[in-house]
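Chains as they are written, first to last, in UniProt numbering: chain A, 1 to 257; chain B, 1 to 412.
I should point out that these hints are in silico values taken from the structure, not numbers from a laboratory. One thing to keep in mind: the hints can contain errors.
[Claimed, not checked] Within a straight-line C-alpha distance of at most 30 Å, the following computed DSSO-like cross-link-like pairs (lysine-lysine) qualify: (1) K4/B with K162/A; (2) K340/B with K157/A; (3) K157/A with K219/A; (4) K142/A with K219/A; (5) K2/A with K157/A; (6) K158/A with K4/B; (7) K223/A with K157/A; (8) K12/A with K2/A; (9) K157/A with K4/B; (10) K340/B with K215/B; (11) K2/A with K158/A; (12) K240/A with K12/A; (13) K142/A with K239/A; (14) K102/B with K158/A; (15) K265/B with K215/B.
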Amino acid sequence: MKTIDQVFATNKKIGLMTHVVAGYPDLAATADLIRLMADSGVDLVEIQIPFSDPLADGPTIMRASQHALDNGITTNDCFRLAEDMANKVDIPLLFMTYGNIPFAMGMERFMRRSAGAGIQGLIIPDLPFDEETDDHLTLAHKAGLKVIQVTSPSTNKKRLEKVCSIAEGFIYSTLKVGITGAGTDIDDQGIAFLNRIRSLTDLPIAAGFGISSPEHVEKLMGKTDMAVIGSHVINLYEKKGPQGVARFLEQCRHVGS
Amino acid sequence: MTTKAIEQRFGPYGGRYVPEMLIPALDELTEAYAGLRNDPGFQQELSDLFTTYSGRPTPLTYAANLTRRLGGCKIYLKMEGLNHTGAHKITNALGQGLVARKMGKTRLIAETGAGQHGVATATVAAKLGMACTVFMGQVDIQRQYPNVYAMRLLGAEVVPVTFGTRTLKDAVNAALKHWIEHLDDTHYLIGSALGPAPYPAMVRDFQSVIGREVKTQIMEAEGRLPDSLVACVGGGSNSIGLFAPFVDEPSVRCFGTEAGGTGPKPGENAARFGENPQIGIVQGYKSYFLQNDDGQVQETHSISAGLDYAGIGPELAQLHDEGRIHFSSVLDSEVLEAFKILCREEGIIPALESAHAVARAMQLAPGLPKDHIMVINISGRGDKDIFITAKHLDETRWVEFLKSEVQDIENH
Chain A
1 MKTIDQVFAT NKKIGLMTHV VAGYPDLAAT ADLIRLMADS GVDLVEIQIP
51 FSDPLADGPT IMRASQHALD NGITTNDCFR LAEDMANKVD IPLLFMTYGN
101 IPFAMGMERF MRRSAGAGIQ GLIIPDLPFD EETDDHLTLA HKAGLKVIQV
151 TSPSTNKKRL EKVCSIAEGF IYSTLKVGIT GAGTDIDDQG IAFLNRIRSL
201 TDLPIAAGFG ISSPEHVEKL MGKTDMAVIG SHVINLYEKK GPQGVARFLE
251 QCRHVGS
Chain B
1 MTTKAIEQRF GPYGGRYVPE MLIPALDELT EAYAGLRNDP GFQQELSDLF
51 TTYSGRPTPL TYAANLTRRL GGCKIYLKME GLNHTGAHKI TNALGQGLVA
101 RKMGKTRLIA ETGAGQHGVA TATVAAKLGM ACTVFMGQVD IQRQYPNVYA
151 MRLLGAEVVP VTFGTRTLKD AVNAALKHWI EHLDDTHYLI GSALGPAPYP
201 AMVRDFQSVI GREVKTQIME AEGRLPDSLV ACVGGGSNSI GLFAPFVDEP
251 SVRCFGTEAG GTGPKPGENA ARFGENPQIG IVQGYKSYFL QNDDGQVQET
301 HSISAGLDYA GIGPELAQLH DEGRIHFSSV LDSEVLEAFK ILCREEGIIP
351 ALESAHAVAR AMQLAPGLPK DHIMVINISG RGDKDIFITA KHLDETRWVE
401 FLKSEVQDIE NH
């Protein structure tokens with residue numbers, strides 16, 4: 001399996017990161033979707049462990065998470081899914097979730113089990129770097145996981161400098177101040193923010209929130225290393241099934257190749 | 001008010017567990033409030049609103065009949081239900097409303113369970129000339145419709161929350177998300193002493209007027225401090241407001257009463273300190289939450305829409321761990337009994353939330369000496385609960401009345 005660093009070391013004009021909610025619409029379908037994403041040229045997949053009270057998720061992802069929870073999906077199911085997928089796809093897998101999930105399991109155990117399942121990094125938006133979190137950064141490093149820092153255009157200079165100084169793997173920036181999925185425009189404020197991050201770090205940057213067309217991906221080319229597509233994939237899956245997702249990802253991949 | 005720094009944490013609890021994009025808004029609020037809490041002009045303005053608009057100080061009433069009936073200690077009732085809009089909630093709403101206006105915000109948003117906080121926020125928005133949107137779970141809208149009607153009368157937009165459990169916790173999620181999208185002109189007026197810092201400390205500060213008034217009033221009435229305080233605890237704003245000024249008075253025992261609902265099983269109650277207290281990180285703060293082993297927040301139940309919240313304010317969590325507040329829960333059935341008794345004995349129709357405190361006091365009082373002084377916080381009045389209490393206590397006549405009302409509307 002490629003590492004996160006290897007993914008960013010390739011000479012693509014722009015990479016693609018996609019998002020799935022584990023257990024939506026069911027675990028087998030999530031597994032199929034991850035394989036399909038890998039086959040469609042996606043570079044990174046973030047697997048969301050569903051949480052009952054997700055602060056940053058928009059309506060689409062929230063609905064998918066609730067559906068998965070109603071179906072009885074557990075954190076253990078997510079580990080099993082990750083392990084299965086890590087053996088079947090060549091691209092790095094990340095876990096995205098909220099702080100209470102690792103906290104409930106115990107940070108150390110969660111980190112160890114994630115790494116053991118083949119996960120390479122974590123995105124936990126409600127665990128800011130400066131909050132007391134049972135030392136999740138140190139424990140993640142110990143387990144060999146990268147903790148991906150999330151920023152947004154509202155992040156002030158001082159915090160952005162700090163985030164850049166501790167970030168690893170890549171920096172995940174939202175293109176707007178808001179929740180996932182809503183809105184479709186990539187505005188100047190978002191692009192300007194990417195430039196600000198670029199001036200502070202050599203790490204690659206992934207940008208997301210609101211990306212829903214190959215044109216959006218094209219617009220980000222040269223401004224970010226990776227485009228993150230979340231809610232739109234779920235919407236497409238619901239409306240047009242796996243083939244619809246595959247077609248869309250193919251189109252996006254052509255932009256970057 | 002205090003010159004201490006605004007607490008970010010309470011022992012291991014509290015904090016700011018929020019997405020990075022909310023941090024600047026919390027910084028801005030912290031800075032604004034840090035300046036205003038020690039600003040005599042701001043405090044005077046708030047104090048004037050308390051006395052000329054809200055109805056403070058609220059009375060401390062000796063409950064002679066309840067005292068006689070229970071045959072134990074001497075019982076006083078802190079009458080927060082006599083506040084404008086019928087509950088202590090207006091106190092915090094006025095405080096935060098003023099802070100928001102000083103920050104240049106033009107909109108207030110809020111979440112509400114029982115509806116009292118929504119009504120209080122809508123009232124303050126009208127009074128201060130601000131726009132208002134209130135998020136409320138679809139389930140709570142059904143069971144607290146009089147308050148929904150009131151909010152709309154006051155000019156607020158009431159947004160039904162149709163995801164999750166469709167109760168208070170999901171209304172909080174909806175409000176937080178909306179705030180994230182409208183940070184420039186909007187203040188999120190959190191109604192309880194919880195959420196990310198600085199909210200727990202700020203709400204505690206505003207509500208502490210309850211305990212400060214009790215201190216003064218009981219000294220006038222009895223010449224000494226009370227021996228015990230009893231309050232209901234959902235998120236915990238009325239309880240921390242009553243308890244905070246007494247926390248450093250070791251002779252005063254504090255009793256927090258949680259919603260025992262219909263029983264001890266998960267989903268039947270909202271007792272965070274029940275059989276298996278669990279610490280978690282939810283909705284921006286670390287505290288005790290009703291959750292399963294995976295960390296998923298559990299569904300809750302209470303006869304009172306204001307108490308069926310899965311979390312509890314972080315300062316209360318700390319005071320629990322320190323043994324400073326004694327928590328226990330009472331069942332819905334005990335609450336209804338206490339509700340009836342307070343109506344008949346004292347001529348006071350309490351909110352169902354407050355009836356939890358009365359039910360707990362009824363357990364404690366008979367075993368206490370006659371010179372023991374107890375203060376129960378009657379945090380709100382019960383007219384908002386008419387659709388719940390009437391169904392339980394006067395079902396036949398209530399159904400006949402509703403049918404005739406519907407008939408009357410259809411005929412016209």
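To see whether the hints hold, each was checked on the structure:
1. The straight-line distance between the Cα atoms of K4/B and K162/A is roughly 28 Å, inside the 30 Å bound, and the hint therefore holds.
2. At most 30 Å may separate the alpha-carbon atoms for a hinted pair to count; K340/B and K157/A exceed this at roughly 59 Å.
3. Straight-line distance between C-alpha atoms of K157/A and K219/A comes to about 25 Å, which keeps the hinted pair within the 30 Å bound.
4. Note on K142/A and K219/A: the hinted pairing is violated, with a Cα-Cα distance of about 38 Å set against a maximum of 30 Å.
5. Among the hinted pairs, K2/A with K157/A is inconsistent with the structure: their alpha-carbon atoms are about 33 Å apart, more than 30 Å.
6. A C-alpha spacing of about 25 Å is found between K158/A and K4/B, which places the hinted pair at or below 30 Å, so the restraint holds.
7. Only pairs whose Cα atoms come within 30 Å are accepted, and K223/A paired with K157/A is accepted, the gap being roughly 19 Å.
8. Distance hint between K12/A and K2/A is fulfilled; the C-alpha atoms sit about 15 Å from each other, no more than 30 Å.
9. At most 30 Å may separate the alpha-carbon atoms for a hinted pair to count; K157/A and K4/B meet this at roughly 28 Å.
10. At most 30 Å may separate the alpha-carbon atoms for a hinted pair to count; K340/B and K215/B meet this at roughly 28 Å.
11. Of the pairs offered as hints, the one joining K2/A and K158/A is violated, with about 34 Å between alpha carbons and a cut-off of 30 Å exceeded.
12. As the CA atoms of K240/A and K12/A are separated by approximately 28 Å, the hinted pair is consistent with the 30 Å bound.
13. With a C-alpha separation of about 42 Å, the suggested pair K142/A and K239/A falls outside the 30 Å cut-off, and the hint is violated.
14. Only pairs whose Cα atoms come within 30 Å are accepted, and K102/B paired with K158/A is accepted, the gap being roughly 25 Å.
15. For the given pair, K265/B sits about 38 Å from K215/B by alpha-carbon distance, which is inconsistent with the 30 Å threshold.
In summary, the structure is inconsistent with hints 2, 4, 5, 11, 13 and 15 from the numbered list given earlier, while agreeing with the others.
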